[in-house]
Amino acid sequence: MTRARLNKILMSLVIGAAFLWLLIPFTMAVLWSLVDPSEPWTADQLLPPAMSFYRWTDMWQNSSLKPALVTSYALAPTAAVLTLCLALPTAYALGRYEFPGRELAKTLCLLPLVVPAFITAIFFSSILFQLGLAGNRFAAIVFAHAVLFLPYAIRILTVSFEQVRQDHIDAARDLGATPLARFRVAFVPALKPGISATLLIVFIQSIEEFAIAFIIGSPDVVTIPTLLYSALGQDFVRPNAAVLSLILVVPNVFLMLILERLMKSANPALSSGKG
Amino acid sequence: MTLRRAATILLLLMPGLGLILALIGAVVYIAVAQSFGLYSLMGESAFSLAFWSDTMGKKAFDKAVRYSIYVGVLSAIFSVILAYPLAIWLRKPFAGSVTIGAVLKAPLLVHGLVAAFLYINIISYNGLLNQVMQGLGIWDGPKRLQNDRNAIGVLILQTWKNMPFALLLLTGAVQAISDDVLDAARDLGAGSWARFRKVIAPLTVSGLQAAMVIIFIGALADFSFQTIAGPTNRQSLAQLMVNFKGRGDWHSAAVVGVSMMAIALIGSALLAVAARMIMRGRLK
Numbered sequence: 001m002t003r004a005r006l007n008k009i010l011m012s013l014v015i016g017a018a019f020l021w022l023l024i025p026f027t028m029a030v031l032w033s034l035v036d037p038s039e040p041w042t043a044d045q046l047l048p049p050a051m052s053f054y055r056w057t058d059m060w061q062n063s064s065l066k067p068a069l070v071t072s073y074a075l076a077p078t079a080a081v082l083t084l085c086l087a088l089p090t091a092y093a094l095g096r097y098e099f100p101g102r103e104l105a106k107t108l109c110l111l112p113l114v115v116p117a118f119i120t121a122i123f124f125s126s127i128l129f130q131l132g133l134a135g136n137r138f139a140a141i142v143f144a145h146a147v148l149f150l151p152y153a154i155r156i157l158t159v160s161f162e163q164v165r166q167d168h169i170d171a172a173r174d175l176g177a178t179p180l181a182r183f184r185v186a187f188v189p190a191l192k193p194g195i196s197a198t199l200l201i202v203f204i205q206s207i208e209e210f211a212i213a214f215i216i217g218s219p220d221v222v223t224i225p226t227l228l229y230s231a232l233g234q235d236f237v238r239p240n241a242a243v244l245s246l247i248l249v250v251p252n253v254f255l256m257l258i259l260e261r262l263m264k265s266a267n268p269a270l271s272s273g274k275g
Numbered sequence: 001m002t003l004r005r006a007a008t009i010l011l012l013l014m015p016g017l018g019l020i021l022a023l024i025g026a027v028v029y030i031a032v033a034q035s036f037g038l039y040s041l042m043g044e045s046a047f048s049l050a051f052w053s054d055t056m057g058k059k060a061f062d063k064a065v066r067y068s069i070y071v072g073v074l075s076a077i078f079s080v081i082l083a084y085p086l087a088i089w090l091r092k093p094f095a096g097s098v099t100i101g102a103v104l105k106a107p108l109l110v111h112g113l114v115a116a117f118l119y120i121n122i123i124s125y126n127g128l129l130n131q132v133m134q135g136l137g138i139w140d141g142p143k144r145l146q147n148d149r150n151a152i153g154v155l156i157l158q159t160w161k162n163m164p165f166a167l168l169l170l171t172g173a174v175q176a177i178s179d180d181v182l183d184a185a186r187d188l189g190a191g192s193w194a195r196f197r198k199v200i201a202p203l204t205v206s207g208l209q210a211a212m213v214i215i216f217i218g219a220l221a222d223f224s225f226q227t228i229a230g231p232t233n234r235q236s237l238a239q240l241m242v243n244f245k246g247r248g249d250w251h252s253a254a255v256v257g258v259s260m261m262a263i264a265l266i267g268s269a270l271l272a273v274a275a276r277m278i279m280r281g282r283l284k
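These protein sequence lines are chains A and B, in that order. With the first letter of the first sequence counted as 1, position 235 gets the number 235 in my numbering; the numbers rise by one all the way through. With the first letter of the second sequence counted as 1, position 261 gets the number 261 in my numbering; the numbers rise by one all the way through.
Excised from the complex, chain A in its bound form:
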């Protein structure tokens, strides 16, 4: 058997499997979100007997969906901007200075990714109680998200700072540019894709984050994942859970496709896997 033939067979196997593990589940979710309550979708019917957007409008008007959307989409950009501000100085130090312990510092920056999220969530909430700050749920979630997603931000921005070319800085200086002008011509062009990628990745992570929002936010602050979690558990109504799943997954897929583009331009080595 030739290699090309083998590839063809393997490819059709993978596509067949993808059909089972992606297409069918998502099609089912879309169909369930469209089931009209006038006629239930019973097991003997291939398609729902009556389809409408009733569930979507009903969820929009009569559930916590609206506040959850407002919370999630207020939380994410706030956390993203805060993370960016916190990450920039550290990334500058790691990207532009040689110093002993730099590799150790880079490794320590990954700590939030290693500690399980529920441990961070529970004992961060314990700290909030000790300090008497447990009432400020929204601010606490923003802070926790900002710190937890710092590893991504620092990593991306460090690479961006490394890519700023010293000869550009020197040339600008030789031509008499002020520090601000030097920053504008030498740093900004190299940093731009990294900054966009950072904002986007923290935005996505924050929209999706569950443990912190669940432990610290409940019961007052509801985000889309915590709403979906309760829709899957104590108040399981399948069409409603389908609506929420699609609301959570669809925008983020598009955002992540944009992110992948940005990451490629921010750091070609990162996406080719040879970093």
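Treat the hints as calculated values from the structure; they're not laboratory data. Check each hint, because a few of them may be wrong.
[To be verified] Capping the alpha-carbon separation at 25 Å, the derived lysine to any residue pairs in SDA-like fashion look like this:
no.	chain 1	residue 1	chain 2	residue 2
1	A	K264	B	P93
2	B	K105	A	L110
3	A	K8	B	L21
4	B	K63	A	G233
5	B	K92	B	S192
6	A	K264	B	A190
7	A	K8	B	I100
8	A	K264	B	L109
9	A	K106	B	L265
10	A	K8	B	V103
11	A	K8	B	R91
[Stated by the list, open to error] Pairwise CB distance ranges, derived in the manner of DEER restraints:
no.	chain 1	residue 1	chain 2	residue 2	range
12	B	L10	A	L23	25 to 33 Å
13	A	L23	B	E44	15 to 23 Å
14	A	E98	B	A46	47 to 55 Å
15	A	S64	B	L41	24 to 32 Å
16	B	S45	A	D58	17 to 25 Å
17	A	A43	B	D183	34 to 42 Å
18	A	D220	B	E44	26 to 34 Å
In this text, a Cβ means the ideal position worked out from N, Cα and C, and glycines have one as well.
Given chain A's structure and the hints, the job is docking chain B onto it.
The following block gives chain B in isolation, referenced to the frame of chain A:
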């Protein structure tokens, strides 16, 4: 390095790395301290080993430890076993390989809770799987597949979600091997199995270790897959910890949390060593 320069670097590291160390350090410190009865949120704070002996004596704790290790280890192994051949297959680009890579990595874009919903939707009592199996005449009646006793549902979800991640790391590791090395091995008479065993396996050990350790820690500490799709007669460590905390029993929750961190550390080290031993020459 002058003092001034050192001070500048330290100041620059403060808001980023400094904050990370402060938060994670405080979290770990509070967890350990609370597990010994300190920093009580209700009642007296006093150093005590009682919470450790009480919690460790509970049957639910013992079950949770074993169950979480079971899910953690098997999820890591399944994800890596599926990802390895795919990574080797995708090492050299061919017509359609980019599309295949994208399809395989698609679950990375899907939120865990959404994945859990999609899964229970398919396997539920009136779900598609039951209908198909009955339609084909394989099963006589619908079977109750959700929350199965052996956590097969959780393992399927963990593997579904983590295999693409392992694939990402392993593809990077496999693509980093240059053709020259593999050609040289071929010229020296190595067949495909020998090339895998003597060249690819040793050169990708670190990627494999990273994938296994990260997946192991994530699956060990799983909460949402377990509460949605897992067996109802036992709890995962994270679930047990959240339940203790929900009852206001912070100290027992802390014991579970600290145990989870210890198991994550020791387990990761053991998995990394095992992966290394298997991949470096002992693979027969």
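Which numbered hints does this structure break? Checked against the structure, the hints that fail are numbers 3, 6, 12, 13, 16, 17, while the rest are satisfied.
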